[in-house]
Every structure is written in C-alpha cells, then in structure tokens.
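Visitor: Listed below, chain by chain, are the residues.
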Amino acid sequence: MKILVPVKRVLDYNVKARVKADGSGIDLANVKMSMNPFDEIALEEAIRIKEKGNAEEIIAVSIGVQQNQETLRTALAMGADRAILVVATDDVHNDIEPLTVANILAAITLKEGPSLILCGKQAIDNDFNATAQMLSAKLKWSQATFASEIDVKDDIIRVTREVDGGLQTIDAKIPAVVSVDLRLNEPRYASLPNIMKAKRKPLEEINPADLGVEITQRLKVIETKEPDSREAGLILENIDQLVEKIQENVGG
Amino acid sequence: MHLYQPPLEDYNFILHHFLKIEKEDIEGYKDLSPEFTRPIFEEAGKLASEVISPSNKDGDEQGCKLENGIVRTPESFKLAFDKLRAGGWLSLDIEEEFGGQNLPLILSTVTNEMFTSANMSLTMYSGLSRGAYSAIFLHGSEDQKQMYLPKLANCEWTGTMNLTEPHCGTDLGLIRTKAILTENGSYEVSGQKIFISSGDHDLSENIIHLVLAKTPDAPEGVKGISLFVVPKFLVNDDGSLGERNKLSVGKIEKKMGIKGNATCVMNYDGATGYLVGEENKGLKAMFTMMNEARLGVGMQGLAQAEIAYQAALNYAKDRIQGRAIQGKANPDQSADPIIVHPDVRRNLMEQKSFIEGARGFIAWAAVLLDKAKRDGDKNAEGIASLLIPVIKGYVTDKGFEYTINAQQVFGGHGYIEEWGMSQYARDCRIAMIYEGTNGIQALDLVGRKLAMDGGKHMREYLKLVQNFIKEEHSKDFENDFIAPLKKSIEHLQAALLFFMENGLKNPLSAVSGATDFLHLVGLVSLGFIWSKKAQSAEEQLKNPLSDKNFLEAKILTGSYFMNRQLPETRLRLDKILTGEKQVMSLAANQF
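Protein chains in written order, with the working numbering: chain Z, 31 to 282; chain S, 624 to 1214.
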C-alpha cells in the first residue's frame, strides 16, 4: 500500500501572527514557516503504519510556493520516501483554496495510485477544515475525519474519531481519505542522519498545469483583523458598586 | 521558567552572510549552504527548546544523587539524553568511520550552543565524552580505537577527563596517582582524582575514564605524566561488558551550580588501565584537544548569557512598572513595560551587543580551527591558538557579567529561584574557573601565545584588522565603526609595545597586566567582528527582499558595542601601563 500525505507550509505556531497593513492577510515576509502541525501528525501516523509493515511507500505532497520544498525536506527527514512539490504560486501570501487543493491532490492520486490519504484535519493558518472532505468526494473514496486512533487491517481502516462529547469508532473501506486530530500521536524529531539522507531523497517538482488543474480563486478576503485588545479594567471601591455594575450591564 | 528559543536568524546571518562559510575553500564546507544548515539547526533547536530546556530546572532542583555507589541523574535528563543520542546529534562532527556525520566544527559549535543554553549540566556529559573520544582518536592504538570509539562517538558510552587531585590542579606536575605495569601489559591504577565532571551517572551503560598518572620510575614533574584509559566496566574482546573495574565514586561534590552534572571524587584502587600513546607523554596528549575544549567552555559563557538574556527580554516586555520618561507608552494600562526605561534598555543593549558579537567571534574561531584541522592551514591554526585563551577568558568573564545583568532586569524576582535567573548565574560561574582558570588563560596569552613562532600570530591578527580598516567605507560606517575600531587597535598596539619594551627584562610588569590584556584583545576582537557584521548587514540591505528590520537592528546593535563597550580598551591600556607597580606593591604580610 502507498500512503499519500499532503503537507502545508504555514506560519510557525510559535510565531505571533501580524496582520498586514492593508488587512489582506497575515504578513508572511521573513517570518519562520513550518509544517502544519496537524499534517505532521498525519505524516507520523503514516510512518508508523509503514514501520508496522502495513505500507510500502509514503509520498509527501506540498502545494504552494517554491520554498515549500523546505517543508518537504522536513517530511523526507521524518520518514517520507519521496516528495512532490506543486508550485502553484510565486507569492507566499497567496493561499490556495481547499477546492483547488483537492483538485490537485485528486489528480496526483490518480497518477500515483495510493490507497490511503492521511492529512491534517485543518491548517492552522486559515482553519478551513475542508480539503479532506472535498478530496474524498472527488475521489468517491471512504472518508473518516478527526482521527485520534487508527488501525489498518487488510482493506479496512478502523478509525476512532473525536466527536462532540466523546469518541466514535468506525471501519472504513480502503481506499480512504482520513483526516487526523491532535491527539492521534506525538510526531518524532527527525534524526541528524535522516536529515542528511533527506537531501538525497527524490523531490519532484511539477505545476498544476502538468496535472490539468487550473488555479481558481473562488473566495475573496474582505478583511483580516487582529483580535481587539483587552481594555483596561475598572477598580471598584466596594461590593455595592460591583452589584450596581452587574445590574447596569446585565440589566435587571 | 523561560523555555529556550534558538536564535536561528542570528546563526543564519553569522554563518551565511558574515562568514559566508559556503564560499570558504575548506574541505567539507562547499555543501554548507543555507538550505543545508537550516533544517539541521531547526531540528536541533526544536529539540533544545522542547525536550532539553524543560529538563534544566530538574538538574538544579533534584541534582545528582549517590545511591549504593551509583550516581542517579534526574529522570528528565535520561529522556533528553536518549533523544539527543537517538537523533545522532552527539556525533555530528565525529568521523564517519566511527559512526558520525563528519560535519565541520562550525556546525557543532552552533548545535552545542543551543544544547548548552537549554541545559548546560546535561550537555557536559556529552562534551566530556567528546574530549575522551578525541584523546583516543589522536593517541590511542588501533585496538583501542576500535574498542572505544564507536561507542563513545554517540555517547552509548560516555567519557571523563581525570586530571585534578586534592593537592594539585593547575600544576599537574605534582600528581600522585600511580600506574604499575602488570604482566599482561595493562596497568594497575591507584590514586584519588577530584572535580571529575560527569564522573559517574546513569545515562550510559559504561564510562570511559581518561586518567593522568605516573609510572614508578617516571621523571619528576610534567615530563613524567602518562595517560590511561580506565573503563568503569572492563570490556571483553568481543566488545561486551565484563566485570566492574576497581574504581568507585567517593562522593558527589556539593557545589554552586551545574548541579545536574555529577562532579565526583573518583577513587582508583588498583583499577585496570591501558596506556594511551607513550609513557610520559600523557600531558601532551591530553592537551592536543585543548583548543576545542576551551572554545567549548567559552561557548558555555555565551550560551548562559543568551538564555538569561532571552528570559530578561521577555520579562522587560511583560513587566509593567512606572511610566516612560517621554510620555505614556501604554496609556490603556496602569503602567508601561519596563523596557521603556533607559537603564533597562542600557542593560539589555549591553547583553545583546555582547552576545551577538561573541557568537560571531566564536564562529569565526571555529572556522579557523576547521581550516587548521581539515586543510592543515598553519596560519589559521596560529591565529586560533592566539585567540583561544581570549575566547575562554573574555567570553566567560563577560558571559557571567551579562548573566548577572539579565538577572538584574528582574529585580527581586531575579534573586528568588522561581524565575530561573539564579540558576543561570550559578551555572555560568564555573566556566570562568574550569578548563584553566581565566587567570591561567591570561598567562597563556601573554606568556606563551604572544611570543609563539616569534610573535607571528599577533602580527597576522593585527594585519587582518588593519587591512579591514583600510578598505573603503561609507561615511556613516567610518564614523560609527571604523573610527572606534581604529582607536581600539591603537590601544592594543600601545600595550604590545609596553610588553615588548618591559616584558623581557621585567616579566612581572607584563604578567601583572595579563588579565587586562586578555580583555583588551577580547574587546578589539568583538569590535572587529561587529564591524564586519555591520558591513555585511549594509550589503544585504541593498537587496529589496531582505529583512530590513533584522538587518537594521544588527547595525544599531553593533554601533552600540563600538561606541559604548569598545572604549573600555582605553581603561585596560591605562591599567596595563602601570605594570607591576601597584599590583605587587604590598608585601604579603601587609594584606
């Protein structure tokens, strides 16, 4: 079995996001970028499945700017066998929408023939949580989202899902698209020898046009705003004032 | 408690813009592009901040415990050390034939700084092992290499260096540990060694002690010292572990800092040891890796100053107290963050300008050592040898001073243990003492290194700085950087002249100013490094895609150093020029 793992390059989770002056999005110039943490978990799971002998090859895919190859090298260092970079834009601020990503991944899937696609449930930059669902629809494959436990047995994948107020376990027939949640595993640190080896693993670079996919923008960002800063509090003299304030604000 | 954040941008700037390492014609350097180094530093940095840094406090609070003859380290140390070992990080610059990656010293200098900032006590276990590896690699027999190096390479076994005894440290000619040849060619080693860092612990399955001892008919003094390898567990021919050797831990020293590293009294009671190299050549063998070891200790001073600065900077931005003199900076809140206050600023600028300068200085020295080791470049080796005592002495003196400064930013919160500032200060302190006290470093510089090879290396060093001064510079750069640099090098030359005129007929006059001279060279070196760094930042700013904010801050920080720290050279020179007059003026009984 081959496993495909799409990985997105996003603003590092440790970096404080700054809104661009024109409100069109987050400023990504000269800031630290890394692999979307949910995708890292998906990749870790793929590696574990392979280590258990249930998969032969892991292909990491990233869609975006040229620099995404850094993210792919990280994936290769962790344990992916080869990587495909789809250069879809030359501006890092240009976020490729879920539907386009799903179209590109569907085309790659047809070409590469994986039986399992493991991906993060969402990217921490735009939080869409849409690609996995769109992709499984496109491919007409089984779908399992928010996985917190995965077990592959022959052509069945058993997925424990994190749902509101509890867990749900389902069996999905392979081929399947599975999106993973935070608690599935703890990704490994790449070892130094593997980082060195990753430099020699194959990384293929293609364009959306090579896959017959057109990049379309259906969504328009109207405004991006930083959360309102907390206003200074009031210091009250006594309990009566507090009661008064509560009544004023709550009504009553 | 602050968790370490690796200064990745600064490493990138120093290695690829200031030093341009990928353009250096040194064996193994041409691969070192930013694309090559970035993933290595990112992953090492992640490990340092997420795994190693959280264990630091355990070392201080729990320390090491001697139980039934075995030293136990904190649980989190084992987890962190296992991750370092499993990731291959401890053999980064080890030869491939023994399982390492054979990457240059310039890269391990960076990763070591990160690991040391995150947890100095823990990183010492691998640091000492690296020393033992080098000693056996350079002087051991082929059998010894095959037996010990593959395991020492990645700290499956760790190493120690046993020099000091209760009555002698600096003057090793006085050692009393005995080694008696036995019939099977091994030796029986008996004696007591003290202050043995990483002397015993539970992080590895075997510990390889390198011990200095004297054979019965050895010549007096340092010419009669031999080096022995004495494993904790004897090693069978097939590499498996045999019986326990006749050596034990007398006690763990109670000490000021680095409490997570077991500093042991080691008792050798007829322990089986094997001669490394030739009899009576032990001291020389031990000192062949001195340059790298002292560079490593200098780096500890930098690493502690860095982590302390990170914590202080966060605190200064967070802690609100008082109002900015020029008007409220933060009108919505009841006070302004203390970073608005000029004295807090001054303090932070002192730290930042020292740390970034020292980082460049150490990186430059690492490149010189790589050039010496990989290309056999004698000139580079000479300049590095000249500067090593300066890096060890100046960077650890100042590293400690600025760790204390960082503590000061916290006010009373720096003095209580909760914030961790006290630990940084206590941990950092040892770097001024071990691997040759800083006083010994100053003597090494003035007494040996200046005169080495007829004074050639100091001349080469001066030439480097002077040639740089002579280059064409912009007017602003001339004012902010070149003018102060010029002044400082005049002070250095005046000090050298004083030594030349007085040193030979009256060595006391030169030696009395040794520490001031060490600092003088340290200051000039950082002035030189900052000027070069600022110049490359200026060049880079011409690229419209460059990070303007970062590069401008570099130039401004450099300018702070040149104009507010470098003038100290005048003070140092004035003190040097007094010779021994006041220093030696009292008779011992007048104290």
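Treat the hints as calculated values from the structure; they're not laboratory data.
It cannot be assumed that every hint is accurate.
[Said to hold, decoys possible] Here chain Z is said to cover these stretches of chain S; the calculated rule only asks that three of the stretch's residues, wherever they fall, bring their Cβ under 8 Å from a Cβ of chain Z: (1) 652-665; (2) 1116-1128.
[Unchecked claim] Mimicking DSBU-like on lysine-lysine, the simulated pairs with C-alpha atoms at most 30 Å apart in a straight line are: (3) S:706 <-> Z:231; (4) S:706 <-> Z:227; (5) Z:255 <-> S:951; (6) S:940 <-> Z:50; (7) S:1155 <-> Z:50; (8) Z:46 <-> S:680; (9) Z:62 <-> S:768; (10) S:706 <-> Z:62; (11) S:653 <-> Z:80; (12) Z:229 <-> S:646; (13) Z:82 <-> S:669; (14) S:996 <-> Z:62; (15) Z:255 <-> S:940; (16) Z:50 <-> S:1165; (17) Z:62 <-> S:669; (18) Z:229 <-> S:975; (19) S:940 <-> Z:62; (20) S:940 <-> Z:46; (21) S:680 <-> Z:62; (22) Z:229 <-> S:940; (23) S:706 <-> Z:80; (24) S:1155 <-> Z:227; (25) S:669 <-> Z:229; (26) Z:62 <-> S:643; (27) S:1171 <-> Z:231; (28) Z:46 <-> S:1165; (29) Z:227 <-> S:646; (30) Z:227 <-> S:768; (31) S:951 <-> Z:50; (32) Z:80 <-> S:669; (33) S:706 <-> Z:46; (34) Z:231 <-> S:669; (35) S:846 <-> Z:62; (36) S:975 <-> Z:46; (37) S:996 <-> Z:227; (38) S:1171 <-> Z:275; (39) S:653 <-> Z:229; (40) Z:46 <-> S:669.
None of these values were measured; they are calculated from a predicted model.
All residues carry an ideal CB built from backbone N, CA and C; glycine is no exception.
Visitor: Hint by hint, note whether the structure agrees.
Guide: Results of checking the hints against the structure:
{"no.": "1", "hint": "652-665", "in the structure": "holds (count 6)"}
{"no.": "2", "hint": "1116-1128", "in the structure": "violated (count 0)"}
{"no.": "3", "hint": "S:706 <-> Z:231", "in the structure": "holds (24 Å)"}
{"no.": "4", "hint": "S:706 <-> Z:227", "in the structure": "holds (19 Å)"}
{"no.": "5", "hint": "Z:255 <-> S:951", "in the structure": "holds (25 Å)"}
{"no.": "6", "hint": "S:940 <-> Z:50", "in the structure": "holds (23 Å)"}
{"no.": "7", "hint": "S:1155 <-> Z:50", "in the structure": "violated (33 Å)"}
{"no.": "8", "hint": "Z:46 <-> S:680", "in the structure": "holds (26 Å)"}
{"no.": "9", "hint": "Z:62 <-> S:768", "in the structure": "violated (43 Å)"}
{"no.": "10", "hint": "S:706 <-> Z:62", "in the structure": "holds (24 Å)"}
{"no.": "11", "hint": "S:653 <-> Z:80", "in the structure": "violated (35 Å)"}
{"no.": "12", "hint": "Z:229 <-> S:646", "in the structure": "holds (20 Å)"}
{"no.": "13", "hint": "Z:82 <-> S:669", "in the structure": "holds (27 Å)"}
{"no.": "14", "hint": "S:996 <-> Z:62", "in the structure": "violated (34 Å)"}
{"no.": "15", "hint": "Z:255 <-> S:940", "in the structure": "holds (23 Å)"}
{"no.": "16", "hint": "Z:50 <-> S:1165", "in the structure": "holds (23 Å)"}
{"no.": "17", "hint": "Z:62 <-> S:669", "in the structure": "holds (13 Å)"}
{"no.": "18", "hint": "Z:229 <-> S:975", "in the structure": "violated (34 Å)"}
{"no.": "19", "hint": "S:940 <-> Z:62", "in the structure": "holds (21 Å)"}
{"no.": "20", "hint": "S:940 <-> Z:46", "in the structure": "holds (15 Å)"}
{"no.": "21", "hint": "S:680 <-> Z:62", "in the structure": "holds (28 Å)"}
{"no.": "22", "hint": "Z:229 <-> S:940", "in the structure": "violated (40 Å)"}
{"no.": "23", "hint": "S:706 <-> Z:80", "in the structure": "holds (22 Å)"}
{"no.": "24", "hint": "S:1155 <-> Z:227", "in the structure": "violated (35 Å)"}
{"no.": "25", "hint": "S:669 <-> Z:229", "in the structure": "holds (19 Å)"}
{"no.": "26", "hint": "Z:62 <-> S:643", "in the structure": "holds (21 Å)"}
{"no.": "27", "hint": "S:1171 <-> Z:231", "in the structure": "violated (35 Å)"}
{"no.": "28", "hint": "Z:46 <-> S:1165", "in the structure": "holds (27 Å)"}
{"no.": "29", "hint": "Z:227 <-> S:646", "in the structure": "holds (23 Å)"}
{"no.": "30", "hint": "Z:227 <-> S:768", "in the structure": "holds (27 Å)"}
{"no.": "31", "hint": "S:951 <-> Z:50", "in the structure": "holds (26 Å)"}
{"no.": "32", "hint": "Z:80 <-> S:669", "in the structure": "holds (25 Å)"}
{"no.": "33", "hint": "S:706 <-> Z:46", "in the structure": "holds (28 Å)"}
{"no.": "34", "hint": "Z:231 <-> S:669", "in the structure": "holds (23 Å)"}
{"no.": "35", "hint": "S:846 <-> Z:62", "in the structure": "violated (55 Å)"}
{"no.": "36", "hint": "S:975 <-> Z:46", "in the structure": "holds (22 Å)"}
{"no.": "37", "hint": "S:996 <-> Z:227", "in the structure": "holds (25 Å)"}
{"no.": "38", "hint": "S:1171 <-> Z:275", "in the structure": "violated (48 Å)"}
{"no.": "39", "hint": "S:653 <-> Z:229", "in the structure": "holds (15 Å)"}
{"no.": "40", "hint": "Z:46 <-> S:669", "in the structure": "holds (17 Å)"}
Hint compliance for this structure: hints 2, 7, 9, 11, 14, 18, 22, 24, 27, 35, 38 are not met, and every other hint is.
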